[in-house]
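*Asks:* The primary structure of each chain is shown beneath.
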Amino acid sequence: MSRLFPVPVISLLDKRISGDLKDGPIYAYGTQGRSNFPTSGTRVGQGYSMPEKRHYPAPDGTKAREVVNEITYSADPSDFHYMKVNVPCRSACPALTNIPAYIRCLYEGRHSRSYELNRISNVFPGVLGRICSRPCEDKCRHGEAELGQPVNICHIKRAASDFKEPGHIYMESLFAPLGKKVCVVGAGPAGLAAAHDLAAVGFDVEILEAFDKPGGMLMYGIPEFRLPRDILTAEIDSILRLGVSLRTGVRVGRDVAVEDLLADADAVLISAGCYTSRPMTIPGTELSGVQSGLDFVIRANSGERPDLGKKVLVLGAGFTAFDCARLALRMGAEDVSICIRATEEDLRVTEDEIHEAKRERVKIQGLMVAGRIVGDTRVEGVEFFRTRPEGRRADGRRKTVPIEGSEFIAPADSVLVAIGQGAQPIESPGDRDERSVLKADRETFKTSVPGLYVAGDYLTGPTTVIEAIAAGRRAAEKIAEDLTGKRFREWTVRTEQAEVTYRERHWDFIPRQEMPTVESVRERFNPPERETELGFSLEDALEESKRCYLCYLHYEIDMDRCIYCRYCIDVAPRDCIKMVKEVRLNKVGAITGLVETTNWKDVNAVVIDNSRCIRCGACLKVCPVDCISVSKVEIVERMLRKGK
Amino acid sequence: MAREHLVIVGNGPAADEAAPFLRKGVPDARITIIGREVVSYYRPDLLPDFVAGKIAEEDLWVNPLQFYKERDIKLRLGQNVVSVDFSKMELALEHKEVVRFDGMIIATGGKHRIPEPLARFRELVLTLKTVADAKVWIEKLTRVESVLVIGCDLTSVVFTKAILSLGKQVTFFFDPSSPHLFGRSESIREQLAHKMSDLGAEVVDCSKIAKLVQTREDLIEVTTEAGQFRAGAVGAFFGMVPDVKFLTGSGLHIERGILVDEYLQTNFKRIYAAGDCAQVYHPELCDYWVSIGYSNARELGRIAALNLAGEEVQTEAPLSSIFKIDGRPINTSWWMEA
Amino acid sequence: MRTQARVLAEKVAGIRDSDLFGVRSGALPTWCPGCGYYGIHQGLNSCIQQLGLPHHEVVTVSGIGCAGRYPFFTNTYGVHTAHGRAVPLATGVKMGNPALTVYAVGGDGDGLAIGGGHLPHAARRDVNINYLLFDNSIYGLTKGQPSPSSPMGMKTKASPGGTADRPLNATLMALTYGATFVARLFAGDPNAIAEALVEGTRHNGFSFFHIYTPCVTFDKSFKTWDNLKKWVHPLPEDHDPGDLRTAFDQVLKDDFSLGILFKNE
Amino acid sequence: MLRVDVTVEVCGTAGDGTIAAGGLLNQAMSESGFSVLGFDSYPAEIRGFGRCVTRSRIGDRDISALEDTANVLISLDDSQSRARIPFLAPNAAVFFDSNPPTYIQEEDSLTSLLEPGTVLCGLPIADLATEASGSARGRNLTALGGFAGAFGLDPAPFRKVITRKFEAKGAQVLDANLRCFEAGYDFGREQLSDRVPEIFGPRNITEGPERVMLSGNLAIGRAAIDAGLKLYFGYPITPATPIMEYLAAKLPEQGGQVVQMEDEIASIAAVLGSYYAGSISMTATSGPGFALMTELIGLGVMAEIPAVILNAQRGGPSTGLPTKTEQSDLHAAVFGGPGDSPRIVIAPTNVEECYHFTMKSFRIAEKYQTPVIVLTDFFLDNRVENLPMPKAGEEEKAHDNLYPSESDKGNYKRYAATDSGISPRSIPGTEGFQYTATGLEHTEEGIPDYSADNHMLMSAKRHRKIQAALADLPAPEVISPDGALDVGVISWGSTFGSVLEAVHTAHEHGMKVGAMKITSLFPYHEDLIRAFMNRCDEILIPELNFGGQLADLIGRLHGKDVIRMNRATGVPIAPSLILKEIETLVMEGGK
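Residue numbers (the working numbering), protein chains in the order written: chain A, 1 to 644; chain B, 1 to 338; chain C, 1 to 265; chain D, 1 to 591.
A few of these clues could be false.
[Unchecked claim] For each label pair, taking beta carbons as the anchor points, the in silico distance ranges come out as: (1) Lys155(C) / Pro64(B): 37 to 45 Å; (2) Arg348(A) / Glu57(B): 43 to 51 Å; (3) Glu116(B) / Ile199(D): 40 to 48 Å; (4) Pro511(A) / Gly33(D): 36 to 44 Å; (5) Pro27(B) / Lys399(A): 36 to 44 Å; (6) Pro425(A) / Pro283(B): 45 to 53 Å; (7) Arg348(A) / Glu116(B): 20 to 28 Å; (8) Glu286(A) / Ala210(B): 37 to 45 Å.
These aren't lab readings, by the way, just hints derived from the structure by calculation. Positions of the beta carbon are idealized from the N, C-alpha and C atoms, including for glycine.
Full structure from sequences and hints, please.
*Replies:* Below, the structure is given as structure tokens:
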């Protein structure tokens, strides 16, 4: 089952697909694959041996090119659409992490490279390998109905970070200094990601951080038992070492004015995150023992050990609520319940999370909504109404209604309210919204003030870490363009011929490796910061990485040589190869449908449906005329040395 | 025009009661019972007696196959529903068969709940839900003399009596930390404790089980905060949790069990739930209650069938809020799960 | 580029518009997936299309065997005759209405064994039909017995100790019998088959096409796709199809040189 | 009574290894000490349509028959196995693939048909096989293993027979197959054994007006010329050769051609071919050559292609008496060849008829789209009569093919099962009416189809058509006074001449005797013949053969046994002999 709470796929890919961005020509047209036979025009019986190099006309009639083993690049919208449909995990990742590639690298034992492939797109592999919300796994092809369980992508990422060579240092590809300065406000995921990209293209970057340690929510919002701090700091350092200067303990708007920053730098990026907890609008929140879940987590993560008493009620349904509950247990609470309006199914957390929480004896109580918090000075309990589920909201989340007269009181020593956060207003010029938080354009990140930008959760409201990172990187791209008038990187679809399938059929039957955790709950609690997840052994990691179908491989049948013998269809593991009458395209030239037929007259082509293909390679092995070719198709970020 | 197809998922008491009523109500519909166990319907409530040797295996069986043939009810045994699409009104079986239906009664009952920390020693712990489980016990009891019963739900009590009658010695664990039927009222627990010891069971009120170790064959060492215990076999009785995993993501309203109104209808038209897997909302209570036990399950099964057949029968005010065990009324209107 | 959906769509549309497969019937072939016959089918289809022959003026005559099924998969007139009798019946058809273009198809069992007696006479009679011999050296339809072109020692269910008989060389026979057009081809190269067929169909007289093809189901050792691909190769560049002697020399020294061996207008 | 009595069916599509699995099962069970009786049925196709079913009855004592219900069904292809469900015993165990590559609808699934109580034994056959051997090819063995494991059968015998079967194919193949079997076996033992009934009992059971001179042949040749024959295909054989020689001289005059083929098979094949292409042609032969033609005559009947075959009978069997006359090919002509293959057989009794019947044969062959056999004999072919030059009227020559109408375009049914049985026949070159003529049983559209209903439909159509031809066939002639007769003499072919003379003499002697001439030998005018017989006290049938082939054919129509007068002498029967026979019969009748 896939617990699918909608994760918006970053618009970059969509833009390429919608064809709004037309940078870069289509470089060349594809090879026709390996051949033992002339495809046409030759005298009977000529040339049965495999040609070293061959010429093929481009479909648009342009002159033929050398293409065997050539790597081709394309910015054609339909190619981006292809990537979106056929490499579902990667398109699901806001940061477009090249998932199949890093999984394959790990399998090949190139652990450090595997880590780097992550580092290139998501900056914090070690961190994300632990706490990512994993939109990719919901889309993993291996998770499709008859195919079993999704690949444990996230934990392979962690394995890459766990097993990279000790002291591994990632060699960044850098641009010459530009002599321009950008000031980033907030050292959270968005800020750090932006700082990294800006520094890499030659800006002089300074980060201002209000807390005394960098990391933002990574450092203060995520409990240590999930994310060991050494991992985090190491990855932050690898950003700082690009010459990014960091000033902590500085609260912008209070200690220093935004105007001054603007005067001092060519651009200022505000990525201060969401630290204001949404207040609960019910009677009794002022009572002692009632506190914001976020504050509690931040205190706990700052080394404090707040006393919560024995019985703790957590109001909220997100990751923060679970952090609160699990932290509470580690802070000595004995009976901790998460109280939610709807039901478990509606929780915006992973299944593992629920499972682990329950193992630690966190109770999840559904269908109840707090009416008031009771007690005279100190909290004594919470009065709840039973709720009845009623359909869903537009965003797909469950609607519930309180039931009249169903009040009951649940006793509590303390109550943690974790019902969401918002951005905190910062003293600064520029248009603001009703909550007097700076407004900015979500595409350009520009505010009404020239040179002042906003990005990350501060702009969008609370999202996931991976989304924040992606946002930071996009902001950096925009700022760089605005300040220099040129582009440093471009996205293209890279196609390289692959002679082999890299896979074995029986790998498809390997069961999903689950992340081992500290067995005994007792051991988990002392020390409380002990990491609960133990990480894959190398064996497990390799075993798991074998499971990946490597959807970046593209299988294609060359109709010029196909004899329509249907051998491939016969050995196909599922309905992934089709007898086709016609291929339907949409306006950008992407496939929208393969019209199948069993009428022999109408079978114009036998086509591999790459959106069904599990890359098992069975067809390739049997094809009598070798008309099936495999290529590796990836979206890559190419450095534009001269700029564009 | 194809006959309408009514499917009953599950083959327990509720399902067994529902089927004939459904047939009466809709004489010309196709009716299919899909059960996970390969055996046809039997009396789960008699399993303890079966273990105790009071009754023979044949006594468990209820209907001959002829019963289903006569009523034109299709039995699909040993078949497992893995997902349901209520928008298409299709369900998928484990062997990838897609079955269309026009109405459904979900009566999958419950599955055993084993809380932490016992869960970590799952393989050392026995339960009692199916004939298969019972046979395991019977085989076990030929070799062991002492049994440790942990956590107490309804079955645990009946079961304890059953094995005592075999002359085995029983250590009966109350695990107050783990919520169960009686978890709410101290007084009931005491009364029950007395009852148990009267019957000859050693009653220990203790939680915090640290670990179970199999020291040798047919000997398990249990370490608790109340000291060490030894027993030939360990049984876990923490009640059932509704067996509704296959429905997650189907859009069906599920909290603990499947949420149904007083007519046992779910949030989908013509989809009903009955028995242990249902969580029934009752207007008078302004709350949900969960049926426990054999007779309630049958009653709910009947009501669900009648309603699917087009009648409008309400469930009585929580049937089993007064549920008697050894003469003591037990409230089962709500229960907790860790 | 390969990821260009457009190229794929255009290609498929192109094939549809070319009506290449208008020559097919609606019935899906019952040959095993992977069978070489598909390649031959492909070749004959494009030949008929290249020559622009109206489908109703083509008659396909077959014998018994997997190849016997051929006519059912084409949109031409067809006769699925008795075992081994495709050639004489085709002779009758052609003489019955010389305006028709006639293709006789059959396997090596059909054409060299039970029907073996017809080949010499069709050749010497030089009736203007085209005979395609599908040579896979095995009986497929009857589940794997040796055929007249099976190599000595080939083990099958019917020859557990290996065949004791020497194989027939159909090409050599056709040349010997005086066929006026002889080509040797390979099912794996439909384009070459098409080209030879076009020339052979234009040829006024008996045209013989000896086509090597694998039986993926019953022959795992001899004429497999892999072996055939390894073995076959084109005729020497300088081969003169006009000279019968060089044709003989070719055939005698090399079993797997492919192309139009002999042609006598 | 058998203590163990289990019928196991393995069912799949040809190509699934069904037959192999069934074979291994039989061997293994017998190795285990059971007694086994197996029966396979499978189509000629390797793939495509065609269900393979192997049945094995397994018991602990000798078995002499097959059961009609199975206790175990091992399904390698559910779409095929569905048809076997009705043949399952109650509580049968059904083994099937529990993880097919794609989802299946209830109405296509095997499990949806099973009666309550059927024991479901699902195992992921293809997956297990693929896991075990890297390919699903060995799934038949996996299924077999699942069966053996479930019933707790001793795996050793299975391993043994599998090894025996595959060791020749090399260690790899053998190993793969064994692994497939084991995978299934383990799964069956672990997952399924608890659900199947114990039907194999204790294991290891070990017990155990200007007149001209004209010969028959010439008359036939002239008829062919007058009919507008274009092609003659033939092979020299006595006594038919003169026809070919005559035509070889005459046909070219009218743009025709005589082709001497390599043998009679080629001749009839070419005739069918030219008729298929729309031009009329014929061949003539004698017994031995006719024997060679029987297969292709069958093709003509099945594919409904016209043909005219003249069989000039001579002494047989085999090369027999090439230069002697005989009427012994009647059965060969009427019944010759395999299968229900009704065809038209006519036999002239004199030279004039040789002309007219040959003429008629072209028209009938075309009208009824079937081979027409003209039976003559050495005597008839070679004797010379003086008679007015026979001339066919235009109506006699008229061609009579039923062409499809334009309106049929698009949904042309070459073999439409019409009331008359005659279907529209298109000629190559006609656009939009392409079809394939086939010797396989086929649908009205001409698509191969072996279904029971279709074979019944088409067989009926073909017989109906042949019976309909009676309308165009010469009726029997009766030569007799009115009223009851003491003796009726029935005869065919050249012999009738003698009969006619004998009967006339008898009339002169005042005997109440009649004669009937039968020229349509198949189909024949049953009611007319019966009517004549009913007037006669005794029926005498003289024939130039040993067994009395006409007597066999129509004798049954008479109330009592007919009197046969058979002569296997190679010489025509003299009228006097027949008359003598008549007299004796009349005497006996008088007493």
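*Asks:* For every hint, state whether the structure bears it out.
*Replies:* Evaluation of the provided hints:
1. Lys155(C) / Pro64(B): 37 to 45 Å: With a Cβ separation near 56 Å, Lys155(C) and Pro64(B) fall outside 37 to 45 Å, so the hint is violated.
2. Arg348(A) / Glu57(B): 43 to 51 Å: holds (49 Å)
3. Glu116(B) / Ile199(D): 40 to 48 Å: holds (46 Å)
4. Pro511(A) / Gly33(D): 36 to 44 Å: holds (40 Å)
5. Pro27(B) / Lys399(A): 36 to 44 Å: holds (39 Å)
6. Pro425(A) / Pro283(B): 45 to 53 Å: Distance hint for Pro425(A), Pro283(B) holds at roughly 47 Å.
7. Arg348(A) / Glu116(B): 20 to 28 Å: Given range 20 to 28 Å: holds, Cβ gap about 24 Å.
8. Glu286(A) / Ala210(B): 37 to 45 Å: holds (42 Å)
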